[in-house]
Amino acid sequence: MNTPQTLSRPLAARVQALTDPAAYGDAPPVPQAVLDAAASALEAGHTHYTDRPGIEPLREKAVGWLGARYGIELDAGQVTITCGATEARFVTLKQLAAGKSVLAPGQHERIAQAAALIGAPIVQTISDPAAVSILYLTPDDDPTLVTPLLGLVQVHDWWVIYDTAVPGERLAHPALDAQLAPRVISIGSYSHRLPGWRIGWMAGSSAANKLRAYKQSMTICTTSIAQWAALGLEAEA
Amino acid sequence: MTANPNIPEEVRAVAADGTKLRYALMELAAQYPDAIALGRGDPDMATPAHIREAVLRSIRDGQTAPTPMAGMPALRDAIAAKFRRENALPVGGENILVTTGGQEGLFLIMQALLDPGDEVLVPDPRYTSYDEAIASAGGKFVLVPTEHDDAFNLRPEAVEAAITSRTKALLIVTPSNPTGGIVTEDRLRAIADIAIRHNLIVISDEIYEKFLYDGWKHFSIGSLPGMAERTITLNGFSKTYAMTGFRVGFLSAPVNLIQAMTKVKAATTGPTATISQWAGLAALTGSQEPLHEFQRIYNERRTLMLTGLPQMGLNFSDPRGAFFFWTNSSAIGIHATELSYLLLKEGRVLIFPGTAFGEQWGGYLRISILQSTDLLQEALTRMQPILDQYRAQTR
Chain A
7 MNTPQTLSRP
17 LAARVQALTD
27 PAAYGDAPPV
37 PQAVLDAAAS
47 ALEAGHTHYT
57 DRPGIEPLRE
67 KAVGWLGARY
77 GIELDAGQVT
87 ITCGATEARF
97 VTLKQLAAGK
107 SVLAPGQHER
117 IAQAAALIGA
127 PIVQTISDPA
137 AVSILYLTPD
147 DDPTLVTPLL
157 GLVQVHDWWV
167 IYDTAVPGER
177 LAHPALDAQL
187 APRVISIGSY
197 SHRLPGWRIG
207 WMAGSSAANK
217 LRAYKQSMTI
227 CTTSIAQWAA
237 LGLEAEA
Chain B
757 MTANPNIPEE
767 VRAVAADGTK
777 LRYALMELAA
787 QYPDAIALGR
797 GDPDMATPAH
807 IREAVLRSIR
817 DGQTAPTPMA
827 GMPALRDAIA
837 AKFRRENALP
847 VGGENILVTT
857 GGQEGLFLIM
867 QALLDPGDEV
877 LVPDPRYTSY
887 DEAIASAGGK
897 FVLVPTEHDD
907 AFNLRPEAVE
917 AAITSRTKAL
927 LIVTPSNPTG
937 GIVTEDRLRA
947 IADIAIRHNL
957 IVISDEIYEK
967 FLYDGWKHFS
977 IGSLPGMAER
987 TITLNGFSKT
997 YAMTGFRVGF
1007 LSAPVNLIQA
1017 MTKVKAATTG
1027 PTATISQWAG
1037 LAALTGSQEP
1047 LHEFQRIYNE
1057 RRTLMLTGLP
1067 QMGLNFSDPR
1077 GAFFFWTNSS
1087 AIGIHATELS
1097 YLLLKEGRVL
1107 IFPGTAFGEQ
1117 WGGYLRISIL
1127 QSTDLLQEAL
1137 TRMQPILDQY
1147 RAQTR
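Quick note, the sequences are listed as chains A and B, same order. Just so we're aligned: 60 in the working numbering is position 54 of the first sequence, and the numbers increase by one with no gaps anywhere. Just so we're aligned: 839 in the working numbering is position 83 of the second sequence, and the numbers increase by one with no gaps anywhere.
Chain B extracted, bound-state conformation (with noise of 0.2 Å):
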């Protein structure tokens, strides 16, 4: 399958760059008001209410003047408390740096980790911002398969080909954005091995940590022997409490590269906005009740597609965290930028191709659950028309 030339010239122009794909269709759906979106991470609820009153509540008390570069040490204390109870991470608050998001954390990890020609193994598919941050530090990505019929968990025999002797870091990231996979723990036991062996850094993505599904439990790579001095941390508050406008995430690493990454920080962005620290300060030593509410939301919504995907010829692996179906669309006969842009264009659903995640993925879609089930059973009944007539069209 090769993608149509039909298809707007924003959007092809665009699409072999999956960053760049993904913003051009958010555009393209914003010129649809009724458009139903299940295309961006964003989660639709509502910052819980005792996160936005510690807000508040700091900026009514002038608590605002910049932290310390790493972050305010209340929160690093905080987090580091979070790594060891939940994690069994082996950390303290020195090896905690407080980022502006996520995505920061990556930029800051490949700058302070990375020389020119270094490479990074990739899960694939992924989240292409993974490969801006290696680049922009004259990394070099190198992907490593993942495959349906293995729930797109992460194969040690698949990493261990993929080493050369340039191989400096694996990315690891589980639950996986876009197929919601996880690595799990014996892999990541086997892994571990692996990347000792090797002398391997391995930078551990667990931004979807609190979204699992089925009885999966989460396991951080970063608690298994000898794993402590190699392994970076990566994790947010945007996802788990729907707070992805503060800008607020946070890693742990070793304390030699948590103040080279501080330095980078300085040059790059400057410390993290002071009452997006109090919002995260107030999310993780506040009241769980929200996530765990999310958390049921979350489920229902998955039963929900569980069921009504497949009875419109789309079919997926095992989704087990996260808030994505990646969904095998080849049987439609359609490229996925182009599929993609038809649900858009006749049926008002914004779904991101499986492009936008890696050239190769042609024949898959992401769809996400940040709707209402309300929303996405209309999502459902927009797109089984449209799938119909492509699919008899090309049959």
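Only chain A is shown next, with the shape it has when bound in the complex (with noise of 0.2 Å):
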């Protein structure tokens, strides 16, 4: 049999700039909340579609976590649970970048290759503020550098995303700054504990409703036992 390899049409222009993906590693066992969680939400029947943020007592977790790691309050219905904190990222980026560049001043690896696919360059040094719509920051990042753009962010617009599912512990989350918090997407995973489930989060800002509906038309909602499971996860921690 002779299996078809080539299209009959050149493929788009923009998956000329994306690189072949790297391969996961393996993953941790599955602690015994999380099977008990799974067991139980596929014994009561939660294989059908959630509602399109996510489950509310995930979110309500999501929440929880971000107050009492960062000190930021935030209320669940600003949080949409996703597949991995990838779609939450590529989200965020599409939605936001507005044809402009993504100024990241510390760790981007995790962003590459979504804006890559948008079109969106990345710079790790300002030229022209004019020029971006995104400030891409991490726990890790170096706050003498960071510090000096937060107060660009509203002069110009800006959109801020702080990537949680990047380990570490330098920069203090932008949002317990007020006037800044309708600015700021915060970014969760699990992947961490359960990285084949694919289950992360965003929250918080202004576009938060934008935000969800992108992601509704992408894949409607997230994997229903694996947010039942993560929530698991929760209860063990």
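Hints were generated in silico from the structure; no laboratory data involved. These figures come from a predicted structure and were not determined experimentally. You may find that some hints are simply not true.
Taking lysine-lysine pairs in the DSS-like style, the calculated list, with each CA pair at most 25 Å apart, reads [what the hints assert, rightly or not]:
1. 973(B) / 776(B)
2. 838(B) / 100(A)
3. 106(A) / 216(A)
4. 838(B) / 216(A)
5. 776(B) / 100(A)
6. 838(B) / 1101(B)
7. 100(A) / 216(A)
8. 896(B) / 776(B)
9. 216(A) / 776(B)
10. 896(B) / 106(A)
Some, not all, of what chain A presents toward chain B, calculated at C-beta under 7 Å [as the list claims (entries may be wrong)]:
11. 14
12. 15
13. 71
14. 82
Covered stretches of chain B (in silico footprint by chain A; criterion: 3 or more residues with CB under 8 Å from a CB of chain A, positions within the stretch not fixed) [as the list claims (entries may be wrong)]:
15. 843-854
16. 857-866
The beta-carbon is built from N, C-alpha and C at its ideal position, and this holds for glycine as well.
Two independent chains are provided; combine them into the complex using the hints.
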């Protein structure tokens, strides 16, 4: 049998910018509480679409974690459960880049492919603030580099992504500044404990509804059983 | 007919956006605990036990690590075997991509296929998520009309008339959401000739292939000569096996497109959840008896509605597949968006207006059969006096 190898028309130009995906590593053992939570959810029939934002108890957990870890207050209504932090990063870049650059003074490997797909250059230093739309930060970033940049956020209508899925404790959460908070999107993930389950989240900002709607257009909702299982992880913690 | 300004602001504000309109009505319906939902296309059946057991087994065995980006090799091979066996598609595992539901499949296809300004022909009416996927890639959707008197079959001459120098792809949805119509084999053969002549890519959404009635048979355009290198066949597990929450679908395509979509997937969502892929593998390779039971039940419900809807003045074409009745409600004399709202508010029955599937369909309702026969009968009983009342008022 001759299987089809090449499409009869050229592919989109944007895919030329992408590299082959790296392989994932092994997963840690599944905690008993996760197994129990998944079993209960399967038994209860939670195998259909969830609400578009994700199950409320898991969104509450994300809000609680942000409060305990960083001292910021959000409502569960501002959280959307995503297919890993990968989806949250892409959704945020796609919806907020607006054809401009992403300024990333520290780590930026996790957004490199998403930025390439949408054609948003990543810059590490700033030459023209008006050419930037998003400031991408992680907890590992150097505060001495970031603090002056935060002063430009409101002046130039930037959005700020704070990617908590990246380990680190150097940089405080930018949403602690109440004036910046409406422009800050927090991203998080359960992948360090449950890597194949594809559970992440995005939270906060005045763009929360817009981001949620776009996530819905991509994948409708996130795997239901995985959401309930992640609650088990929270219970164990 | 125009939309009545008396409908609530949260519905009126999104009335021009099909997807937002559907969600607004679902959120409104959630306020009525006794509402009968005949809106969303989420099967009300329980996911078959052997699928749930396979998922639990995979977790117990610690088989939850991320899979390769394109999907678990065993699942890709099983999907390819299904496509060869049931759809006569000449594909191997290398032609398969496992997706996070059919909706992601659409998204990936458009991202990997379309450059800004490329046009995709889309049958009208349609599930408006197609519009969003196309627009997200900078493409433009061009509507191809289908008609009530033609059972909403796709006409080759209408397809050809819509082709321009920017047309890159044609979307086929068979059976159709929302109409329940199918594209018959004779039409598919004629459309394939057009696709080859104009060098078009065909995106064939066959998500509802297992739900056909009155002896109609499914046919895949990708099986025709000259089509393998220009066809993307989209399918999934959600509707077939009542497992929408697992978010797992699949598609076949030429290898270079699969590789491109795999890169896009890595950049946008990552691999499909591993437990969902185990669920999909169990669905494909396990007993098909639950599916046969679903088919029997849907047929029974459809028979009920075939009688009940005309009795209240709602007529329809020939619903040959899927879960839906695409009913002409223009005789009631009220715009479908308002009528949907009234049926929900006064009758506690959630039905999507035709405008949720294209703005020109203000004289149609999409009614799903995804409730038990008892609840469907109750819904008909609730709808009757409301329709009678408004029909009398507008006479």
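Checked hints:
1. 973(B) / 776(B): violated, 34 Å
2. 838(B) / 100(A): violated, 35 Å
3. 106(A) / 216(A): holds, 18 Å
4. 838(B) / 216(A): Answer violated: residue 838(B) to residue 216(A) is near 38 Å, above 25 Å.
5. 776(B) / 100(A): holds, 19 Å
6. 838(B) / 1101(B): violated, 45 Å
7. 100(A) / 216(A): holds, 11 Å
8. 896(B) / 776(B): Holds - the C-alpha atoms of residue 776(B) and residue 896(B) are around 19 Å apart, at most 25 Å.
9. 216(A) / 776(B): Cα-Cα ~11 Å, so holds.
10. 896(B) / 106(A): With Cα atoms ~23 Å apart, residue 896(B) and residue 106(A) stay inside 25 Å; holds.
11. 14: holds, 4 Å
12. 15: holds, 6 Å
13. 71: violated, 21 Å
14. 82: Hint on residue 82(A): violated, closest Cβ of chain B at ~16 Å, above 7 Å.
15. 843-854: Coverage by chain A holds here, the residue count being 5 at a Cβ distance below 8 Å.
16. 857-866: holds (count 4)
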